[in-house]
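Here is how the chains run, residue by residue.
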Amino acid sequence: NAGVTQTPKFRILKIGQSMTLQCAQDMNHNYMYWYRQDPGMGLKLIYYSVGAGITDKGEVPNGYNVSRSTTEDFPLRLELAAPSQTSVYFCASSYLAAISYEQYFGPGTRLTVT
Amino acid sequence: AQTVTQSQPEMSVQEAETVTLSCTYDTSESDYYLFWYKQPPSRQMILVIRQEAYKQQNATENRFSVNFQKAAKSFSLKISDSQLGDAAMYFCAYRSPREETSGSRLTFGEGTQLTVNP
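Chains R and A, in that order, are what the protein sequence lines are.
Heads up: the first sequence is residues 1 to 114, going by our numbering.
Heads up: the second sequence is residues 1 to 118, going by our numbering.
Think of the hints as simulated: they come from the structure by calculation, not from any bench.
Bear in mind that the values here come from a model prediction, so they are computed numbers and not experimental data.
Any given hint could turn out to be false.
Some chain A residues close to chain R (C-beta under 10 angstroms, calculated; not the full set) [stated by the list, open to error]: (1) Q39; (2) M45; (3) R95; (4) G109.
Beta carbons are placed, not taken as given, at the ideal position from N, Cα and C, and that holds for glycine.
Kindly generate the complete structure, drawing on both the sequences and the hints.
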């Protein structure tokens with residue numbers, strides 16, 4: 001299993017550009033999450049999904065959109081990028097029925113908006 | 001809303017010594033889950049240890065153990081026999097048991113940067 005994969009690893013955007021961060025998992029997990037981590041800070045939840053076709057906002061959803069058309073994929077869309085969105089973005093997944101309740105994280109995408 | 005506080009932005013320890021990282025949290029729930037994650041320079045988030053609030057026994061994983069004080073809402077991580085590879089940012093995280101409102105989300109503290117000196 002590849003686990004949770006994210007692409008790209010790094011990206012530089014100009015203000016006002018748009019992009020999609022890709023996230024995929026091959027563990028058949030029903031829950032998926034997007035977090036952002038600002039320098040020297042903990043992770044904050046942007047959006048999450050409890051299954052295909054179901055998404056909900058987290059703590060910091062403004063400026064982002066998500067979709068979940070399949071169990072495996074959970075892309076994060078940035079529209080009209082702003083410098084405040086410079087951050088490291090982590091995708092994670094978990095299995096609802098798992099006793100461990102562990103979230104598995106991808107390697108992150110470092111995004112710079114200039 | 002739950003909050004997680006890590007009051008030590010940085011800690012250092014000598015190799016082979018023991019260090020304790022602090023974490024406190026605020027919640028009105030009686031059942032929940034607590035985690036410590038390690039983030040080395042590679043940025044990968046690695047689960048170190050977990051604790052279910054209904055369990056009175058403190059969790060232990062090899063050199064890592066926790067001191068869970070439910071009444072005090074405290075969840076500290078003890079690293080024994082510290083190794084150079086333990087150097088990383090450590091995050092404390094809280095998870096609500098209420099799937100329908102929380103989606104099993106994690107609430108993270110701001111992290112403690114641990115340095116291990118040879």
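Per the CB criterion, is A/Q39 less than 10 angstroms away from chain R?
-> Interface hint status for A/Q39: holds (9 angstroms vs cutoff 10 angstroms).
Can we keep the A/M45 interface hint, with Cβ of chain R closer than 10 angstroms?
-> The hint holds - A/M45 has a Cβ within 10 angstroms of chain R, the shortest such distance being about 4 angstroms.
Satisfaction of the A/R95 interface hint, Cβ to chain R closer than 10 angstroms | Check passed: Cβ of A/R95 comes within 6 angstroms of chain R, closer than 10 angstroms.
Going by Cβ atoms only, is A/G109 closer than 10 angstroms to chain R?
-> The hint holds - A/G109 has a Cβ within 10 angstroms of chain R, the shortest such distance being about 5 angstroms.
In summary, the structure agrees with every hint in the numbered list given earlier.
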